[in-house]
Every structure is written in structure tokens, then in C-alpha cells.
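Required output: the full structure, derived from the provided sequences and hints.
Protein chains in written order, with this note's numbering: chain A, 20 to 772; chain B, -3 to 222.
No lab work stands behind these hints: they were computed from the structure.
Certain hints may be false.
What the hints assert, rightly or not - Pairs of lysine-lysine residues, derived as DSSO-like cross-links and limited to a Cα-Cα distance of at most 27 Å, are as follows:
no.: 1; chain 1: A; residue 1: K595; chain 2: A; residue 2: K738
no.: 2; chain 1: B; residue 1: K66; chain 2: A; residue 2: K358
no.: 3; chain 1: A; residue 1: K530; chain 2: A; residue 2: K495
no.: 4; chain 1: A; residue 1: K595; chain 2: B; residue 2: K109
no.: 5; chain 1: A; residue 1: K477; chain 2: B; residue 2: K109
no.: 6; chain 1: A; residue 1: K637; chain 2: A; residue 2: K82
no.: 7; chain 1: A; residue 1: K216; chain 2: A; residue 2: K351
no.: 8; chain 1: A; residue 1: K515; chain 2: A; residue 2: K47
no.: 9; chain 1: A; residue 1: K530; chain 2: A; residue 2: K515
no.: 10; chain 1: B; residue 1: K31; chain 2: A; residue 2: K364
no.: 11; chain 1: B; residue 1: K31; chain 2: A; residue 2: K351
no.: 12; chain 1: A; residue 1: K709; chain 2: A; residue 2: K731
no.: 13; chain 1: B; residue 1: K(-2); chain 2: A; residue 2: K474
no.: 14; chain 1: A; residue 1: K430; chain 2: A; residue 2: K731
no.: 15; chain 1: A; residue 1: K476; chain 2: A; residue 2: K364
no.: 16; chain 1: B; residue 1: K36; chain 2: A; residue 2: K358
no.: 17; chain 1: B; residue 1: K(-2); chain 2: A; residue 2: K358
no.: 18; chain 1: A; residue 1: K595; chain 2: B; residue 2: K130
no.: 19; chain 1: A; residue 1: K416; chain 2: A; residue 2: K474
no.: 20; chain 1: A; residue 1: K47; chain 2: A; residue 2: K235
no.: 21; chain 1: A; residue 1: K358; chain 2: B; residue 2: K31
no.: 22; chain 1: A; residue 1: K282; chain 2: B; residue 2: K109
no.: 23; chain 1: A; residue 1: K216; chain 2: A; residue 2: K515
no.: 24; chain 1: B; residue 1: K36; chain 2: A; residue 2: K235
no.: 25; chain 1: A; residue 1: K82; chain 2: A; residue 2: K406
no.: 26; chain 1: A; residue 1: K216; chain 2: A; residue 2: K282
no.: 27; chain 1: A; residue 1: K477; chain 2: A; residue 2: K213
no.: 28; chain 1: A; residue 1: K495; chain 2: A; residue 2: K416
The structure displayed is predicted, hence computed values, not measured ones.
Okay, here's what each chain looks like letter by letter:
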Amino acid sequence: MTVLTYKQPEVTDEMIRFHGLTPEEYQKIQEILGRNPNYTELGIFSVMWSEHCSYKNSIALIKTLPREGKYLLAKAGEENAGAVDIGDGLAVVFKIESHNHPSAIEPYQGAATGVGGILRDIFTMGARPIAALNSLRFGSPDNPRVRYLLDGVVRGIGDYGNSFGVPTVGGEVYFDDSYTGNPLVNAMAVGIVKSDKIASAVASGVGNVLMIVGSKTGRDGIHGATFASEEISEKSTEKRPSVQIGDPFMEKLLLEATLEIIKEDLIVGIQDMGAAGITCSTSEMSAKGETGVEIDIEETPVREAAMTPYEILLSESQERMLVCVKKGNESKVADIFDKWGLDSKIIGKVTSDKMMTIKFNGDIVSQIPSDSLVLGGGAPVYQRETKRPAYMDELHKIDLSSYSLKQDWNKILLRMMAAPNICHKGWVHEQYDSTVRTGTAVGPGSDAAIIRLRKTKKLLAMTTDCNPRFVYTNPKIGTRSAVAEAARNIVCSGGKPLAVTNCLNFGNPYKPEVYYCFSEAIKGMGEACEVFETPVTGGNVSFYNEDPEGAVFPTPTIGMIGLIEDSSHITTQWFKDEADSVFLLGETKEELGASEYLNTVFKQTKGDVPVLNLEAEKNLQDALLDAIKSGWIKSAHDTSEGGLAVSLAECSISNRERQLGLTCELDESIRYDCLLFGESQSRVVISSSKENQSKVIEHFGSKNIPIKLIGKTGGDRLKINNLVNISLLELTDSFFNSLHNIMESPKSAEGNI
Amino acid sequence: MKVGVITFPGSNCDQDMIYVLETIMEQETVPLWHKEDNLKDCDFIVLPGGFSYGDYLRSGAIARFSPIMKSIIEHANNGGYLMGICNGFQILCEAGLLPGTLLHNNNQKFICKNVHLKVINRESMITSKVDTDKAIQIPIAHGEGRYFINDEGLSLLHSNDQILFRYCNEENEVTPESNPNGSIENIAGVCNEGKNVFGMMPHPERASDLNLLNVDGKALFESILV
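Have a look at this one:
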């Protein structure tokens, strides 16, 4: 056998630019090394200091978010995902992450590998994934390329999660032109682990070995992290090779083998390989262990011939893990992986010198202090310039009198129910297996999804929320609203909000207007998370969500987990029985700003976000959860996009197997458009039996929560004052068939995709 | 009854099935690994759902070559009982233990939803305890569930009473609209000529737990245990 040596290309200025490093960053690298980096080292710094891995432009602000809580077992940034103690010796592990750029270029694989990546973050901590959710944002579905992207993303998510065997139970699908060239694909996963069995991403114990397990390494995804750290342009399609290829079957095997080695107590630490591949997992695990690592990179099982150390180090091939094995257990680990038909190979060892040393056939090809590469260590930290966008003042001005009140409200309600942002998303979620693992108590389509936990009485409620039109209009209040809405959805489902994971999707942080929105959003999120006592346990930042037309709506997606103590507390949004009493909690104000009504009917984003009083919202939620636990509440549904009329219609029809009409009277002291479709915050529609009616009124009244008995269920029509009178059949047709019709028989079929 | 549940690489409903059989039905349940070559004296073998070997070639096409399949075929040929759900059904068709085949759904998409089933053969081992006066509701979750068989095979299914279930509406009527995937004659499940091998696309194990509010599928397992 000939021993290959590796002749590194010379580092040029052009090459430094190509690697996305600024002159100042290059100078910092020279200082760290005390010399010029070679080509391989340049590649390593490039990915580790990319926005994607280093969070260099966001971490300073993210650290201001509330991250403390008495039930937290793994805090933000400590491990691959957050972990929260839920009693009975169990912890819930959960996280949300973006895969926006890959999905914009190659929707199927981009979305699939997004799901794969977030699932690995969960099971690398020893937790078995029990549910997945997605928050998806696209341009208008009238655009054929958008339909191509939506179709590919949904198939990618479905094929990966379905094969892996995790139920995909919820999330959001939102449409706005700002996402046309740059869709957002945020994937969330939730897992369960015994609280004393959480695995850590650490390499320690000098002499312990490092094994690479799972798939072989190929040339796919090289510089994926760097690609994710720039704007999308017409040249982006050239970056298709930066998109990784997913293999859910391999991931399923990796899951089982990984959980087995953790259960058998054979390892010190483990980390999945996502962005920046072997480079990221080795440097992070050794930095966390305050150790060094020495890797013989030629030992890595590869699937392509003649891969260079540079390529192996930066490959983002999927379905791989790096394991730090307790000395003496190497063969036991190998046997378990062999049982599942997977490769495992010793590629290095833990050292004491705190250096990440890479050897190729005996030659050192890279040697860098581990800590200098990682977030919280030597990676750069910036706070960028902020400037309030000029559009905001103009946007906030609204003259309600310019909107005619001479409308056929029946027709408008039908149009609202069919609007892409409101209509039923069955076309999407029927492509996802939502019932595998037989734990799904409430699947897609209610306020939050609910998963039961076997062998306990407890259940988990989970949701993702963000109204990006609110955030675009008013970043701070809009982000507060996202947190409030997520918490409201959890409470309406019978759960107590526990903790938050976030996915912060913004434009180019070097643009002061973008950074202003980002910093305002963080402030709003922090304030709201304090009030709802939901610490932020981690998540992900995705900048550079821009195409040549501009940035996407600023979109800080909130993923929230709640705990339901007993299955008798499970509450769904739809009405349950004839002649039940229906109430509205909260106040309906003369507010129409940033509403879906103005967007759908007038094609406008106008007016400021409705007022949100966090304390009042918290009081309402606490009182509602008490009432649910008392057994008085038969259904609960918050009002959000589309306002009260849409909420009432959803309560009537969203359970297709048991639809129930409603006759109600609302206070007409405000404009009809605001009454029906305004999006005043902190409102919930609830129902109870007639017998419990007085208890319900007294309960909320005693806590100073505005409550109004508005009507009773029954019949097959929705009647609101003398304004709305529609058959449930018509509402059902608009609501349930709209997206299917748009996707399967679109009006505009031509155009380039 | 001693029940064996096979795990192929890529099976993902094996634990659900074991939970229902062991915890809800309270039966002795044995997990069987695909590399094993004996069935550990099990009376009834279940091939659960999932994506065996990733189903990259054709659903079930590779799993039929797993080492354990030799024992399974022997078991079936000796009159032993065998049931395949979803991917398990696909494997049994690939292995020639059940007639017909499962093609891509006619909308070319994965479909997950609750469907209604009409029981056709009321005397089979898995339907004898099912209330056949009304439609039963059981979820489907598959991309390749369109049952197909040639004319000759179809007439044999009819004459031997091998059709177990058809997709129907809430009123127990078999209609074109209630066919979720384009299966020939709305067929959702069949058995072999000897009435000892059963296959169906819907997942009865996902409708067997009162905690999940639907127990229509449990009657199938109760039928088996008589």
C-alpha cells in the first residue's frame, strides 16, 4: 500500500475571501496560531466561524434571554438541545432548527435533512424522539415555483419523518410574498429520556478513543454552513452540491444503535455531525471537555475515492455521529453498530494538550487550539449597528374610515376561511404520518398537538407559533405576541407552558434595519418569556434570509412545550355538544392593524399591532387552566389570524366528524370589520355545559377576566348577530378544500419552476 | 397465546404492536429479530409496519430475503398463523404468501388519515369478533397502499372469500369516494387461500387504546385470541 501524503494548496487572498473570512478575522487566526493557517486550517476556521456555527452576530443578544428555570436539566447552549424535568424520572428534550437555504435550492433534500438534523440533536442526548413539528413559510401559492417548493418541502419532511417513525403532529404553514425566493423551513423535534440518562456532547478522559459511527463520509455538503451564512442569489443554484442528501433508514438504525450504547453505559460523550461535520463535533466535544483530540483522518470510512483531509473534515454527509468511548468498550460499541448493520471506526483519541490535531497518514495537516474555534471560546462575537426601518412610521398609520363597512360579511367570511394563511392544512399534514408510535392524543388541527407519555398519566402539549406580519409591523410587540400565542395555545389544550425553543429567521445582520428588528425581537421575546415563566432552552439563528427582492418578514418562530397533568385535562378547539354555552374571554377592541383581513381583502399590511398586555394575558391563561382542570371547559380556542369570526367558525367545523352550529350575539359597539376580523390579543372562545355556565362566569369574573356569554351551540349554521348567517357546509367547503384546490388544480399552471 | 413480533431494520411499528399485544391484550409477546432463524414456538406471528430496509427499492422487496423469512414461510406452509400490517402486508405479498401487490397510492403521495372499513369476510380468524353491522374506523399511513391484482387473481379472491376489508364511508357503504388510494375494488385487506395468513394496510394497533379515544382496531386482536 502506498501511503498518501497531502500537498496543501497555497493560501491566497482570493481563497481567504472565498472562505467568507474578513481581513480582521484572518488576522485573529494568525494571532491564535502564531503563524499563517494552511489551506485545511483555513477551511476549518471558515466553517467554525461562519454565522451558522459561531452565532457571531447573535450570541451577545441571545444571552440576554431568560435561560434560568428550576426544571431545566440542560440549559441553552450547554448541549445539543434543551432538557426539562417533567417528573416521574423523565425529561423532555426539544429543539427547533432552520434549514432554509438548502430548502430554497433543493426543497426535497433540504427539508428532509432539516428533519434528520433536528432528530439527531434529540437522540444524541439519549432521548427517543416522540414527535416532530414544522413551521413553514412560503411565497404566494399562486406562484408555480412556490408550489414546487411547497410540494418538495412537504414530501421531504414526510418521507424522512415517516420512514424514521416519528409522528409529525403539528406546526404552521404561512404564506407571504416576502418568502417567495427564500422559504423558511423550521423543524422541531421532541424526545423523552430518563432524567439521569442524558448523554453529553463531551470528549474527556485522556486515552479514551473517538469513534465515527453511522454513514460513510462523502463529498456532499462541503461548506454547507458557509453557504447558509450568505444571501440567496441567482448564483445559489450553483451551490446545490452544498445541500446534503438524507437517508432516513440509516438514521433509524443510527437511532437504535445510539440509544443502545448510551443505555449500556459504554460512552463518555456523543455528538451528532451536522453543520461543519467532523470539524464541528471534534472541536466542540474537546472544548467542552477541556481536552485535546488527535484524529487520524485517513481512518474515516469514505464513500468516494481520493478524498482530501480538507474534504473529509468539512463534509456534511448526514447520519453520522462522533462518540467518545470509555476505554475498553470499543469492541462492545462496534458490536452494537454491527448488529444494526452500521459502520463504526476508531479515528482518534482524547489528549491533554487542548489542541485539535488532524493527521493524515502520519503527517499533521492541521493543529488548532480547540477552544479557539468554538462559540463561547475564540469564535468572534459582534454586535452590529441598528437603525429603525423607515417603513415603520408609514406602516403604523391607519385610517379606519377608509375601509368600507358596506360588505357582504358572509362572503367575506367564506373568503377568509379559504385564505391560504387560515384554511385547513390537511393537504400538508395528511402527507405526514401523525399516528405512528400510538401516542398521538391530539394530532394536527387543534390549538396544540398532544402526545401521551406511556407508563405515566402525563401528556405533552406542543406548538410552534409566530405571526410574522405582526413582527414586521412591530418587532418587539410582534415577538411578545408570538410567545403569548404559543402559551395560549398550550393552555387552551389543557397544559401548563414549560419552556421555549426558538428559531430566529432574519435577513442580513450587516444591514442596520435588519439588526434593529432582530434586537427588538429579542427584547420582546425576553420580556414575554419572563412573564410566562418559560425559559429559552436553545434553538437556532438563521440570518441572510434574503433574495434579490429583499429580506423575508422577520420571523422569530417560537416552539413551546407544555405539560398536561392528566388526560382528563385534554381540551380541543371544537364544540362538543348541542346546547352548550359559548363564551368569549378577553376584550374585542377597535383594532384592525396588521390583520389577515386587511391582507386578504385589501392586499395591505397596515396599522400597528394590536395592544398586548402581558400581565392581563398571563392572568387569563392561569384562570383558563384552572377552569379546565376543574372540568368545566368542553372546548377552548384562541383567536389569532382572522379574528373572532374565523375562530368561531373553526370551533364549529374544524372537527369534520362532529360539526356543530352556533348562534351568537356580539356587542356591536365597535366597527363590524374590527368586531369580526380584528385581531385584538388575549382572547379565547370557550364552551361549557349549561349546568356549569354560572360557575364559569363566576370563576372568570372573580379573577377580573373579561367574560361574556355570547351564545349557544346547535344547528347546522353559524349565525353572528345579523351580520353572518352561513351553513356549515359552505364554511367546510371553503376551509377544507382551499389548499387542496390551489395545489392540485392551480389557476396559473404556467411559468418557470 | 404466544405472539411473535418481527423487527426488520427499518420497522417502526414493532414497539406499538408489542405494546398493544403485551400491555393491552395481556398476551405473552416475543420480539423476534430479523437475523434469527427460529420463531421461538410462537403461535401467531406479526409483521409490523415501517419502512424495512428503507423501502428504497420497492416496499418489502428486500425484507423478504431476511434470514427469518425462511422460518416464516415454513410456519405459514404448515398452517401457522401470520399477519402483516402495512409494510408487513407488503412483505407478505412480495414473499408470495399473499396474493396481489401494493402499488403507489393513486395520488402519488403518502396518506395518513382515519378511514372506515367494511368487514367482508366475517368468519376469518381476525374478524370474527368485529361488529360487522357498522363501519370500523382505523388509521392508514402509507405511500404504497394501492392494492392490485389481475382479473384471474381477483376472481379467486371472490370465490375463496379471501377479501377481509374494503374501504367504505361512515355508513358502511363501499363507494369510489371512500377509496383513499385507488385500491382495486376498495380492497384494504386480504387473506390467503388457507385462511391462516392475513394482510391489511390500515393499522389496527393505532386504534386499540382507550387513551387515544378509538378502539375499533382492538376487536381484531380480540378475534385472534378467541
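Results of checking the hints against the structure:
Among the hinted pairs, K595/A with K738/A is consistent with the structure: their alpha-carbon atoms are about 17 Å apart, no more than 27 Å. For the hint linking K66/B to K358/A, the alpha-carbon distance of about 20 Å falls within 27 Å, and the restraint holds. Pair hint K530/A plus K495/A holds up; C-alpha atoms about 18 Å apart against a cutoff of 27 Å. Taking the CA atoms of K595/A and K109/B, the gap is near 21 Å; set against the 27 Å cutoff, the hint holds.
About 25 Å separates the Cα atoms of K477/A and K109/B, which keeps this hinted pair within 27 Å; it holds. As the CA atoms of K637/A and K82/A are separated by approximately 24 Å, the hinted pair is consistent with the 27 Å bound. As the CA atoms of K216/A and K351/A are separated by approximately 19 Å, the hinted pair is consistent with the 27 Å bound. Among the hinted pairs, K515/A with K47/A is inconsistent with the structure: their alpha-carbon atoms are about 47 Å apart, more than 27 Å.
Between K530/A and K515/A the CA atoms are separated by roughly 39 Å; this puts the pair beyond 27 Å, and the hint is violated. Distance hint between K31/B and K364/A is fulfilled; the C-alpha atoms sit about 23 Å from each other, no more than 27 Å. For the hint pairing K31/B with K351/A, the CA-to-CA distance comes to about 19 Å; that is within 27 Å, so the pair holds. For the proposed pair K709/A and K731/A, the alpha carbon gap of about 9 Å is at most 27 Å, so the pair holds.
Distance check on the hinted pair: K(-2)/B and K474/A sit about 23 Å apart at the alpha-carbon level, within 27 Å; holds. For a cut-off of 27 Å, the pair hint linking K430/A to K731/A stands: about 23 Å separates their Cα positions. Among the hinted pairs, K476/A with K364/A is inconsistent with the structure: their alpha-carbon atoms are about 42 Å apart, more than 27 Å. Between K36/B and K358/A the alpha-carbon distance is near 20 Å, which keeps this suggested pair within the 27 Å criterion.
Only pairs whose Cα atoms come within 27 Å are accepted, and K(-2)/B paired with K358/A is accepted, the gap being roughly 26 Å. Only pairs whose Cα atoms come within 27 Å are accepted, and K595/A paired with K130/B is accepted, the gap being roughly 23 Å. Simply put, K416/A and K474/A have alpha-carbon atoms about 55 Å apart, too far for the 27 Å limit, and the pair is violated. For the proposed pair K47/A and K235/A, the alpha carbon gap of about 34 Å is over 27 Å, so the pair is violated.
Under the criterion of a C-alpha separation no larger than 27 Å, the hint pairing K358/A with K31/B is consistent with the structure, at around 9 Å. Distance check on the hinted pair: K282/A and K109/B sit about 35 Å apart at the alpha-carbon level, beyond 27 Å; violated. A distance of roughly 25 Å separates the Cα atoms of K216/A and K515/A; the hinted pair therefore holds under the 27 Å criterion. Restraint check for K36/B and K235/A: the C-alpha separation of about 36 Å exceeds 27 Å, so the hint is violated.
Taking the CA atoms of K82/A and K406/A, the gap is about 21 Å. The hint holds against a cut of 27 Å. For a cut-off of 27 Å, the pair hint linking K216/A to K282/A stands: about 8 Å separates their Cα positions. With a C-alpha separation of about 15 Å, the suggested pair K477/A and K213/A falls inside the 27 Å cut-off, and the hint holds. The hinted pair formed by K495/A and K416/A meets the criterion: a straight-line CA distance of about 18 Å does not exceed 27 Å.
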